[in-house]
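Asker: Now for the letters of each chain:
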Amino acid sequence: MTAQFPGGGTLTGTLSLQERPGGLCAVTFSAMASPCEVLVDIGDRALALQLAGLVAQEAWRIEQKYSRYRDDSVVAWIHGRRGSPCVVDAETAALLDFAWQCFEMSEGMFDITSGILRRAWKFDGSDRVPDQATVTQLLSSIGLDKVRWESSELLLPAGMELDFGGIGKEYAVDRAYDILAACCRHPFLINLGGDLRANRPPSSGTWRVGIERPDSDRSAAMLLDLEHGALATSGDSHRFLLKDSIRYSHILDPRTGWPVANAPRSVTVAASSCTEAGLLATLAMLHGDGARDFLEEQGARHWILQ
Amino acid sequence: MRVRTSLIALAVGSVLLAGCSSVGVKPWQRDILSRSDMRPDGAGLDDAIDEHLYFSKEASSGGRSFGGGGCGCN
Amino acid sequence: MQLKSQPAVLRRRLIAASCALLTTSATRSQEAPEGGFVGRLLKEWQLESALAYYHENGRVQAIEPVVSASHDYDDGGNVSFNFTFDSLSGSSPNGALPSRAAQTFASPSAQSFATARRLYNVAPGNLPADPHYSDARAAFGGSWTLPLERLTRVTLGGKLSIEDDFYSGTFNAAIAHDFNDKNTTLSFGISDEADVIKPIGNTPVPLSNYAAFDKEGNKSKNGVAALLGLTQVMNRYWLAQLNVTADRFSGYLNDPYKIVSVLDAGGNTTGYIYENRPEVRTRRSVYLENRVGGARASAGLSLRYMTDTWGIRSQTAQVNLRWWAAGRQQYIEPTVRWYHQTAADFFQPWLPNTTAPATQFISADSRLANFHALTYGVKYGFDLSDKLHRGGIRAHRTRRVLSADTQHQHCDAGLAAGTRSVSEPEGRPGAVRLQLLGA
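Residue numbers (the working numbering), protein chains in the order written: chain A, 1 to 306; chain B, 1001 to 1074; chain C, 2001 to 2439.
Please keep in mind that the hints were generated in silico from the structure rather than gathered at the bench.
Nothing here was measured: the structure is a model prediction, and the numbers come from that model.
Relax, there's no trap hidden among the hints.
Label pairs and their computed distance ranges (CB to CB): (1) V1015(B) - L139(A): 27 to 35 Å; (2) Y2073(C) - K243(A): 43 to 51 Å; (3) H228(A) - Y2073(C): 21 to 29 Å; (4) R1030(B) - S2134(C): 43 to 51 Å; (5) L2047(C) - D44(A): 42 to 50 Å; (6) E227(A) - Q2330(C): 21 to 29 Å; (7) N262(A) - R1004(B): 54 to 62 Å.
Listed next, the in silico DSBU-like pairs over lysine-lysine satisfying Cα-Cα at most 35 Å (straight line): (8) K2198(C) - K1057(B); (9) K1026(B) - K146(A); (10) K2215(C) - K2198(C); (11) K2182(C) - K146(A); (12) K243(A) - K1026(B); (13) K243(A) - K122(A); (14) K122(A) - K1026(B); (15) K1057(B) - K2221(C); (16) K1026(B) - K2182(C); (17) K2198(C) - K2219(C); (18) K146(A) - K122(A); (19) K2215(C) - K1057(B); (20) K2219(C) - K1057(B); (21) K243(A) - K146(A); (22) K2198(C) - K2221(C).
Every residue, glycine too, gets a C-beta built ideally from N, C-alpha and C.
Please take these sequences and the hints and turn them into a complete structure.
Answerer: Dropping the structure here:
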């Protein structure tokens, strides 16, 4: 069963429904360049499709608004006004406040201005590692403390960029969750590209979640049982550089411009919201071999794959 | 005499502060320092109970924070 | 059990920040919050409780439950409250010396020996102590920290304490500023305390004859204190803190229940007078603390030196060592503390009856004597498997020994008349403090 749904802006997409074991309806679609699905423990397939439609609409809305690849996004609009103050809407203001607080509490480890590092680092499996001079030059345009952000007015200096990619997907999961939770009494699970959140356990007892192992040609995925709450995974599979037998993961430290040494291959964190879980997973990866200690200190349930 | 002691204290204090600027760690090296047992106020209630007991049996109090006891046990 | 629901500071800020992000301009979820009101309370507030049981040599015992609640804001601010209830009972020394003859005292509420409802007799050679001593205290405190800007914080706090015979209110304010990449923190604080003393049976006239039961009205005292602190990260494993404090108390600084024995040339007790202390006391202290840690262990060393205008100088040193078992779920932490103080200028265990007290300051309170104390203890802590709660249990024992000098002074009275030498009870080993930290 498929349906066409108009997205929040100009994005549209296709939703497909399948039946899964245990009487679950699974509706899949594509958003944010990732496979997404909504699982609902319900018999009424038309209703399942409708509920999933709400999720897809919200995911496409956020993708269109915050994707750095789109010319009609808020991010492109901000970049067009570099060097002069611009007033942003309430949702963007809330995201900027959140990004600023994360920047402070992580002492610079989490930084939404670090996206320009991709100009030096192209993780295509080759051995083209940039030289120090290139990286150092990019560092002068990185640092959220160089951006002036005061009560809805943003001033982005020339040469700098904002990238919400680090929190966009998790934020979309939480937004979509709030929308569904307001109208759906049935157990459901929202999964946007591996970041997921469920409201309550299905009739079978738990949601069976599989975390892909980094070298996917190895054994089957790691299985977790989720009753409710959120899971976010940060991983480096398929995106790396290999030079002189050193593997450079795609997790870059914004303070040095270089990949984090000895980062785990995959970190999964459970928390009550996807935004929280996602940020903890990202910060854990940035701690490199200190990932486990960091997550234990924060008291977060986690699974680390090396 | 009092003035000289104060001046010495001020001089020592300034040297300490100036020297402090070259000592320290980068933000990403704070893993161990952020643990509760590494912070002076990390033991919370335990320390408060200890302070109260020592205050009631000794002539000194405070140091880590204010010295007043706020109770009639001394 | 000391149960704390405690994700670490960063995570608490992150939870608060995520909540703020997800509830702005969105349809709020109508799903009931997990666990209802209590569940929400437990998530947002960090609750901690402890129960301390103190026992001293079969003499005094105290039970003190404490609870505290703390909430972190996403901007780094914090508000916290604590409540303490303190209950003491047992027998408390009144400052008089043991004597060859039996002694009789009246409890503080008495107005004369004839009308006293409660007298207590002390056998020859025993240390006079009021066996009916009991006191209950309730105290409530709060503090609020708010960030002024990224590197500066202001903290305001207050405390209120109420007992039968003592009322106290304290207010404090402090400001802290970070620099050198947050490696150095400078803080400055002031505090003001105002106390009202309403002794049971009214305040005795200082230096008056105990048997005369001369009483006067209620008293008060006031204290101001200032603290200057420097905290410095030395390296990845070592943090140091240096604090300099000064305080000045003025007003009624006596202990209204303490007396001093008056002895004749033969060492017999001829009477007692109420003690008297100066009306002003200024103290200064320097405190240094070091914390050193590695992956599985950490150590703390602190030193304190204090002087005051009563002639007391004290030195304190404390060491704790913490070892975690593999897996960092449990730890054991032995502690040792050494304390020494010199006597106040006016400390005198007894007074010869030939001296006219007049305007002299005198006190036989052993807390103003020259003594040293050694405390040793151990604490065991563990994490519950849900990783959200922690528990702990600890036990300490303190041994206080009066200086040889003071013990001799006690003896002088006795030697002249042939009684055996004595020492204060706090000087005997056995002040045991068993603290059960509870939820």
